[in-house]
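K.L.:
Chains as they are written, first to last, in the numbering used here: chain A, 67 to 328; chain B, 5 to 271.
Errors might be hidden in some of the hints.
Quick look at which bits of chain A chain B covers, simulated, 3 or more residues with Cβ under 8 Å [to be verified]:
hint, segment
1, 181 to 192
2, 251 to 259
3, 292 to 298
Simulated coverage check for chain B against chain A, where a stretch passes if three residues somewhere in it have a Cβ under 8 Å from a Cβ of chain A [said to hold, decoys possible]:
hint, segment
4, 18 to 26
5, 39 to 52
6, 121 to 128
Calculated directly from the structure, the hints in this document are not laboratory data. Beta carbons: idealized from backbone N, C-alpha and C, even for Gly.
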Amino acid sequence: MTAGNDTQAAAGAHPALCVRDLRKSYGEVLAVEGVSFEVAPGEIVGLLGPNGAGKTTIINIILAVLEPSAGSVRIGAMDVDRQRSQALAHTNFAAVYASLPGNLTVLQNLRFFGLIYRVRDLGQRIAQLLRQFALEQLRDTKCGVLSSGELTRVALAKALLNRPRLLLLDEPTASLDPAAARDTRTVIRALARDGRCGVLWTSHNMYEVEEVCDRVLFLSHGRILLAGDPRTLPREHGVRNLEELFIRLAREPLAHPAERLA
Amino acid sequence: MRLEPVAAILLRQWYLLRGSPVRALPMFAWVGIDIVLWGFIARYLNAVSGAGINFTTVFLGAVLLWDLCGRVMQGLTTAFLEDVWSRNFLNLFASPLTISEYVTGLVLASVSTSVIGLGVMLALAVPVFGLSFIALGAHLLLFLVVLYGFGIALGIVASAMVLRFGPASEWLVWPIPALLSPFCGVFYPLSVLPAWMRGLAHALPPSYVFEGMRGLLHGEPLGLSQAVGALALAALQIALAAWCFVRVYRRAVRTGLLARYSAETVS
Numbered sequence: 067m068t069a070g071n072d073t074q075a076a077a078g079a080h081p082a083l084c085v086r087d088l089r090k091s092y093g094e095v096l097a098v099e100g101v102s103f104e105v106a107p108g109e110i111v112g113l114l115g116p117n118g119a120g121k122t123t124i125i126n127i128i129l130a131v132l133e134p135s136a137g138s139v140r141i142g143a144m145d146v147d148r149q150r151s152q153a154l155a156h157t158n159f160a161a162v163y164a165s166l167p168g169n170l171t172v173l174q175n176l177r178f179f180g181l182i183y184r185v186r187d188l189g190q191r192i193a194q195l196l197r198q199f200a201l202e203q204l205r206d207t208k209c210g211v212l213s214s215g216e217l218t219r220v221a222l223a224k225a226l227l228n229r230p231r232l233l234l235l236d237e238p239t240a241s242l243d244p245a246a247a248r249d250t251r252t253v254i255r256a257l258a259r260d261g262r263c264g265v266l267w268t269s270h271n272m273y274e275v276e277e278v279c280d281r282v283l284f285l286s287h288g289r290i291l292l293a294g295d296p297r298t299l300p301r302e303h304g305v306r307n308l309e310e311l312f313i314r315l316a317r318e319p320l321a322h323p324a325e326r327l328a
Numbered sequence: 005m006r007l008e009p010v011a012a013i014l015l016r017q018w019y020l021l022r023g024s025p026v027r028a029l030p031m032f033a034w035v036g037i038d039i040v041l042w043g044f045i046a047r048y049l050n051a052v053s054g055a056g057i058n059f060t061t062v063f064l065g066a067v068l069l070w071d072l073c074g075r076v077m078q079g080l081t082t083a084f085l086e087d088v089w090s091r092n093f094l095n096l097f098a099s100p101l102t103i104s105e106y107v108t109g110l111v112l113a114s115v116s117t118s119v120i121g122l123g124v125m126l127a128l129a130v131p132v133f134g135l136s137f138i139a140l141g142a143h144l145l146l147f148l149v150v151l152y153g154f155g156i157a158l159g160i161v162a163s164a165m166v167l168r169f170g171p172a173s174e175w176l177v178w179p180i181p182a183l184l185s186p187f188c189g190v191f192y193p194l195s196v197l198p199a200w201m202r203g204l205a206h207a208l209p210p211s212y213v214f215e216g217m218r219g220l221l222h223g224e225p226l227g228l229s230q231a232v233g234a235l236a237l238a239a240l241q242i243a244l245a246a247w248c249f250v251r252v253y254r255r256a257v258r259t260g261l262l263a264r265y266s267a268e269t270v271s
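Work the whole structure out from these sequences, hints included.
P.N.:
See the structure below:
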């Protein structure tokens with residue numbers, strides 16, 4: 067049994083992710099302030115913002131590697147603070163700054179993390195992911211010698227090992243060529259479409275966000291400034307596209323969004 | 005505690021050892037050199053002293069047991085450092101792996117590699133230098149358990165130090181066994197130590213092992229309180245070391261050090 071049936075059943079009735087009144091400060095410096103949002107099962111939510119806006123801080127808090135100063139995070143029915151291990155069993159992530167150990171091969175890494183996540187029928191699951199991400203030829207290659215695009219594919223394969231209910235992707239296509247990036251978007255969209263997995267996606271590629279995300283959250287100085295449908299938000303705020311909206315928000319981060327965009 | 009995550013930590017160590025002879029070499033090389041060096045010293049002392057003491061067991065046996073304790077500590081710390089060197093903390097600690105599973109995996113990895121080291125030491129010391137532990141009898145098992153326990157406690161504390169002070173603090177960790185050896189009475193009775201050093205020695209389980217070993221070789225029985233005390237002390241130190249590691253880990257999560265570990269500091 068990889069995870070309790072009771073927790074699985076309970077998770078179905080809850081959002082994939084529920085973040086409430088999140089706050090993180092380092093002394094006097096506020097990294098995140100009053101952030102609340104949800105990700106529903108089957109939904110892809112884009113977490114957007116300029117560098118240093120607090121995106122990675124929020125992701126680290128969700129992943130329980132950073133303790134919030136206040137607020138709560140629930141993954142499915144489980145509180146990350148009190149049920150860390152159970153909550154993270156249903157979660158996974160891929161991030162450019164968290165590459166897999168370079169001294170293990172692709173297969174060894176997937177076996178290692180498969181055991182940690184207690185994946186059922188691990189050999190079969192690994193074979194499936196190697197096929198899905200075109201990694202079969204690289205299965206016995208050490209991750210340290212892979213190209214950044216190949217590494218991203220391995221990280222994505224690792225992120226899908228445990229068929230997560232919540233998938234956190236921090237710039238998942240940043241190192242991929244356009245064709246591989248499109249394949250990745252297709253895989254993630256298909257994953258979300260089956261209604262089981264909620265995805266929190268960060269990216270600086272606004273065209274990609276518009277294509278993939280059902281909803282976006284604009285973050286600046288640790289606060290959510292705007293939220294909405296990436297396809298309608300630009301028009302609602304009098305700009306041509308999401309990139310223009312992003313630039314406008316990033317350049318005037320301290321004003322109230324309603325005043326700024328009026 | 006679940007079996008698979010513990011097995012994962014153990015399996016990772018196996019993959020690393022299998023894939024890199026450089027990692028396997030220290031398991032044999034340093035202990036082998038120590039045994040050869042002290043084997044010849046003991047052989048020489050046996051030839052010239054005429055004191056009726058079997059230096060082979062007194063010195064070579066002591067070196068073997070002390071080396072084993074050091075190897076257990078270093079095996080555990082090295083397994084932990086593998087995650088430091090490969091910047092794997094985020095992948096590990098953002099997973100369902102619990103701290104107890106992680107530390108248990110490190111302990112088992114260390115015990116496995118040190119058993120191999122022990123085998124190499126015995127393979128050299130017994131046939132080449134005639135080392136015999138027969139005089140120690142079943143007490144040898146007790147001594148091994150105490151030394152393994154102390155080595156595990158030291159390894160956990162050393163890993164906590166690296167987690168707390170960053171990757172550069174690695175150099176602080178390696179000399180720990182050498183720093184402790186004068187207090188443990190590896191080669192001499194505790195009675196030769198000044199009072200303040202003796203006080204410290206009584207807090208170190210290996211000192212009971214080496215005192216007990218010398219006593220047995222002189223025909224003095226090992227006191228039950230001494231044996232139980234050494235075991236209890238080692239168990240207590242493992243518990244304290246684990247508590248220390250958990251505290252350091254929680255602090256690293258609170259301050260953000262774990263998420264930005266390569267920066268070594270959050271300030």
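K.L.:
Does each hint fit the structure? Answer for all of them.
P.N.:
Here is how each hint holds up against the structure:
no.: 1; hint: 181 to 192; result: holds (count 4)
no.: 2; hint: 251 to 259; result: violated (count 0)
no.: 3; hint: 292 to 298; result: violated (count 0)
no.: 4; hint: 18 to 26; result: holds (count 4)
no.: 5; hint: 39 to 52; result: violated (count 0)
no.: 6; hint: 121 to 128; result: violated (count 0)
Hint compliance for this structure: hints 2, 3, 5, 6 are not met, and every other hint is.
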